[in-house]
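Quick note, the sequences are listed as chains A and B, same order. Mapped onto the numbering used here, the consecutive letters of the first sequence carry residue numbers 1 to 336. Mapped onto the numbering used here, the consecutive letters of the second sequence carry residue numbers 337 to 648.
It is possible that part of the hints are untrue.
Short derived list, chain B residues pointing at chain A, Cβ under 10 Å [stated by the list, open to error]: (1) Ile-379; (2) Ile-383; (3) Gly-456; (4) Ile-485; (5) Gln-539; (6) Leu-540; (7) Ser-541; (8) Gly-542; (9) Leu-632.
Everything labelled a hint here was simulated from the structure, so no lab data went into it. Ideal Cβ placement from N, Cα and C applies to all residues, glycine included.
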Amino acid sequence: MGGLTLNYIIRRVVIFLLTIWVSITIIFLVARLAPGDPISAMVAQASASMGVVENQDAIIEGWKEYFGLNDPIPVQYVKFLGNLLTFNFGPSLIAFPAQVNELIARALPWSIGLGLVTLPLIFFIGNLFGALLAWRRTPGPLKAFIPMTMIFTSLPSVLAGLVFIFVFAFRMKLFPISGPFGRGMQPSFTIEFISSLIHHGILPVASLVIVSFGFWTLGMRGMMVTTEGEDYMTLADAKGLPPFYVLYRYQVRNAILPQVTALAIALRTLVAGQILVEAIFSYRGIGTLIYTSIRNQDYNTIQGTSFVVILFTAVSVLVIDLIYPLIDPRISLEGN
Amino acid sequence: MGAATGQTASLAAPRKAGRLNRFDNPWLNIKLVVGVIMVGSIILMGIFGPMLRDIDLAYVGRSPLNLPPVGFENMRGEGGDPLHPLGTDNSGRDMLSLIIVGAPNSLLVGFVAAGFGMLGGIVLGFTSGFLGGTADDIIRLSADITITIPSLLVLIVIQSLIPVQSLLVMAVLLSLFAWPQPTRLIRAQVMSMRESGYVKMAQLSGVPTSSIMFREMMPNLLPYLAASFIGNTTGSILAAVGLEILGLGPQRLPTLGRTIQNAIDNSGILRDMWWWWGLPTIILIVIFIGLLLINLGLDEVANPRLRKATRQ
Chain A
1 MGGLTLNYII
11 RRVVIFLLTI
21 WVSITIIFLV
31 ARLAPGDPIS
41 AMVAQASASM
51 GVVENQDAII
61 EGWKEYFGLN
71 DPIPVQYVKF
81 LGNLLTFNFG
91 PSLIAFPAQV
101 NELIARALPW
111 SIGLGLVTLP
121 LIFFIGNLFG
131 ALLAWRRTPG
141 PLKAFIPMTM
151 IFTSLPSVLA
161 GLVFIFVFAF
171 RMKLFPISGP
181 FGRGMQPSFT
191 IEFISSLIHH
201 GILPVASLVI
211 VSFGFWTLGM
221 RGMMVTTEGE
231 DYMTLADAKG
241 LPPFYVLYRY
251 QVRNAILPQV
261 TALAIALRTL
271 VAGQILVEAI
281 FSYRGIGTLI
291 YTSIRNQDYN
301 TIQGTSFVVI
311 LFTAVSVLVI
321 DLIYPLIDPR
331 ISLEGN
Chain B
337 MGAATGQTAS
347 LAAPRKAGRL
357 NRFDNPWLNI
367 KLVVGVIMVG
377 SIILMGIFGP
387 MLRDIDLAYV
397 GRSPLNLPPV
407 GFENMRGEGG
417 DPLHPLGTDN
427 SGRDMLSLII
437 VGAPNSLLVG
447 FVAAGFGMLG
457 GIVLGFTSGF
467 LGGTADDIIR
477 LSADITITIP
487 SLLVLIVIQS
497 LIPVQSLLVM
507 AVLLSLFAWP
517 QPTRLIRAQV
527 MSMRESGYVK
537 MAQLSGVPTS
547 SIMFREMMPN
557 LLPYLAASFI
567 GNTTGSILAA
577 VGLEILGLGP
587 QRLPTLGRTI
597 QNAIDNSGIL
607 RDMWWWWGLP
617 TIILIVIFIG
627 LLLINLGLDE
637 VANPRLRKAT
647 RQ
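Same shape as in the complex, but just chain B (with noise of 0.2 Å):
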């Protein structure tokens, strides 16, 4: 079956003959693929690397102030030293363990964050898509108005009053800017689908209202939820990477933004101890470009005319 169609296929035309094979299940694509392997590389790295690497080195005064990673020198003229294989800070960090703690509490904060923006959205989506009326007024509103307010100047008021000491409270409060995208998006996906065939079937089939949501109509929002989650992760983590630059959030966790804080504040630029702030930088930027694939990725699972757009 599967080759015979491959055959007329390839008779009416030849270059839309390769869509057909194995290779072309929409997730496999390759922006995806590099995207979770950059982003999954730093998961496994706080899941694996406490066991392999002392951990307790990330926090002040474990280890040598100012060292180089192995094979360059401080302004000073020291080596490396095999113990601190990326150097350590001027206040005896150790960049490696300090890494290996920050890069998933930076990741974490992100995906906590956008997780609870996601389950406002699909309750508020829901409930504005399918009941309309007054409450959908309401929460239409309230959407535009979060959308429009700069949610880093609130939080900066926020923390600089209310001092923040635990990443969950972090991610609360990022999540308070993280539900306005995937409620419209819901909003309009249900507002659609509410109309169609299959939709119309299980109502009159009288399957309950809930498992019309959750089981008719998820499975097909699962893309655009998915790239929504990742879109609300970076911009997340670009919140609390920001606020922790401008020295709030947490100030005893070892995170990337809190590590670069404490270089520039501490001249590291200056001092010419570009591991101090390159090596988190370099990390923080590995997740955003894996979690941009990850969503270019994703968008091109949702939007086939996109893949379409691609190939040519």
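This is chain A alone, in the form it adopts within the complex (with noise of 0.2 Å):
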């Protein structure tokens, strides 16, 4: 348990409420600072747009008791914390009277499935590569092939979506260009089904592995290098362990435990870049969701939407925070 005190518990979850808190609070400063009444403005822009909202009346009557409207500013900001902490968003305006948290429900699964499985891929090729880069024994093509896998880090993974849908879905006609299954098709546990939400999410999953784990391979090659030069390798080897023994047991998991700090610090830039990755794939997720909803100028769903996502990313951090002084004891939480 070596690290993990009650004082970095206690710090760890009240950094987690107030990011929560403060969210909230700038979510609700928005809708107050904009110009005009913020329900007639987005009723007026959608009619106009859409040329007619049907039920404009039952909307903005919805809306202006879902806000409170009427109440005082302070009454008005808990009934709005409290509806956003029960995830109460209240109605979607193009999809009315449906409730935005039942689209976000509807969506959410999408996206957890797409980071589930971009998220190790990213982990362990990163990881894999760093550690072969860094390896005394990797054959020489190898550890030159490496670094020019690498040269798509750094860009947004929106832009890597784009060139591979259209190199390879456009002009090569090998994979579809959106959705996250065929045409026509209803979500079922057959192999057809299967096969077909494979096919689609390989450009997508792709497109954000490619961008990213990058910096896993030079974060691991560091940490490589600097367990290089200890003690109990120079031990290791001297024993006549296998070399790939050496390297698994002893090197790479000393090295890939401070590479998981990596992930809650990365989360921020995975979950924008997923957003986007489906926004233009059309995956049915909630990047695709918040993507419409901007289009449509339907707010309720864009704060809804948003804050669910702020709050799935604080949870992340919070529990990788929490994890990990428990598998890297050596870890020290005083200060920073």
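Put the two chains together into one complex; each comes in its own frame, and the hints tell you how they fit.
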């Protein structure tokens, strides 16, 4: 349990709670600072872009009640806080009378699925390449090849996605251009559907992985170089242990732990990247939901979706922060 | 003197002899130089481009529609027009002029945002490192919170309700998320430097605190600050391009992100108009790779251990 002190846990949880509170407050202030009455403005914009908004009065009334616009500001604020914390985001403007939280519940599994495939891949490929790059016994050609795969590192994933769509989907017709599965299919556990799912998922996943794994490769290489000089490495070599055993059990195992903290730091970028990639691939997740609601100026949906993503990111960071001292007792948690 | 040192060094360790020659100025490492050339050429294009090319062509309806770059054909079989060497988009914007105006705009947003972030970082980092106590606690906590919030989402919420029409406002909004990294970095360095001999010496000699900060400490921080500035520039451009691709940000100013968004919106990919989204993408790739190289190069300046590692 090493470094997991009560102080550390309290600090992390306080940061988590404050993050959520600050985010909600910003969202609240933005809605209040917007020019004019936000509800009428939104409905007016919607009717300008779509011609006619059905149930216009019902929407305005519903929203006035939801926002409690006749209450004093502090009361509005408390109500707003309660609404967001209970995932009550009100009705969607374009999908009225559907509730925003229904739309999010429908989109969220797709985004989580995409993330759960992408993240381990980035972590695995990045660390594998980093380890190989630093290992003395890696064949020369492989050592020359790995840096070449890293030229996409630091690019926005959305640009990689555009290039992939053009080259592999539009020109070479190897992969579908958009959507999470074939047109007209119903989600089911058939081989046909699952293979379509994978076929559609390859390009989005590839565009997220190819721009991110390089950071872990660089970090891993650095850590490997540091462990290389440790006494236990010399001892292991002197004992005549098989080189691959030494690499895996002695060097990689020690070098990989700090890489976990990089996950917490990179999460923000990864989440943002996935939103944009989903949007250009019209993947059925949160990213596409945000994209279409920005298009349609559906502010309720934008607000709810953004809050859910912020909450999700903050929870993930909290979990990583709390797990990390458990798996790496060497870390000192005092101060920074 | 230099030759003598070189000789002893080469006697002691022949491998290290090369490290003493004039090419070993750490600021002249190859990554840094190539990176600066890549980003510098975009800046030069922004300065000299408008003198050589009519940039009014970057706006809607100034040129024929959907022309391919010279030497290519579009889907209707039309060839390129030498007047529009890089082609045009579907509302008559000339791609060459668009890039000449748009690329420096995108770069500028990044630099301005990172600049404001750095300014905040210097003030808060020194305050935190020097004063300690409650001020330090508050600043550290705020930095931790800001780092956890995914900036793109907050910016989406803000910009979807309060439309931003100026690049400067966009940059200021982005800078709200660019201060924690430099703040943390400066704080950590200041805390360790505060105890070092030369700072103690200066304090004993009665040098005012402000000049200890800026005369004694700042020069040592320079490579770290530069790396953090470049990192923030990349992050801010990334966020700005992301927002533009989602359809937010200034609507009328030509930027690379806005051009790509226009192309996506008007199915530029399916119409095989690769120059429309592809050219801005290439320019962005040059910018991002250039900034990454600068960052890696600065890392080597700041951290001599990395220099040795790359030599081997």
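Taking the hints in turn, this is what the structure says about them:
Of the supplied interface hints, the one on Ile-379(B) is violated, with its beta-carbon coming no nearer than about 19 Å to a beta-carbon of chain A, more than 10 Å. Taking 10 Å as the C-beta contact cut-off toward chain A, the hint placing Ile-383(B) at the interface is violated, the least distance being around 25 Å. Given hint, Gly-456(B) at the interface with chain A, is violated; its Cβ is 17 Å from that chain's nearest Cβ, farther than 10 Å. A distance limit of 10 Å between C-beta atoms decides the matter here; for Ile-485(B) the minimum to chain A is near 6 Å, and the interface restraint holds.
With 10 Å as the threshold, the beta carbon of Gln-539(B) stays out of range of chain A, its nearest partner Cβ sitting at about 23 Å, so the hint is violated. With a cut of 10 Å, the hint placing Leu-540(B) at the interface with chain A is violated, because the nearest CB-to-CB distance is about 27 Å. A least Cβ separation of about 30 Å between Ser-541(B) and chain A goes past the 10 Å threshold, and the interface hint is therefore violated. Among the interface hints, the one on Gly-542(B) is violated; its C-beta lies about 31 Å from the nearest C-beta in chain A, farther than the 10 Å criterion.
Taken as an interface hint, Leu-632(B) checks out: its beta carbon lies about 8 Å from the nearest beta carbon of chain A, inside 10 Å.
Violation of the numbered hints given earlier is confined to hints 1, 2, 3, 5, 6, 7, 8; the remaining hints are satisfied by the structure.
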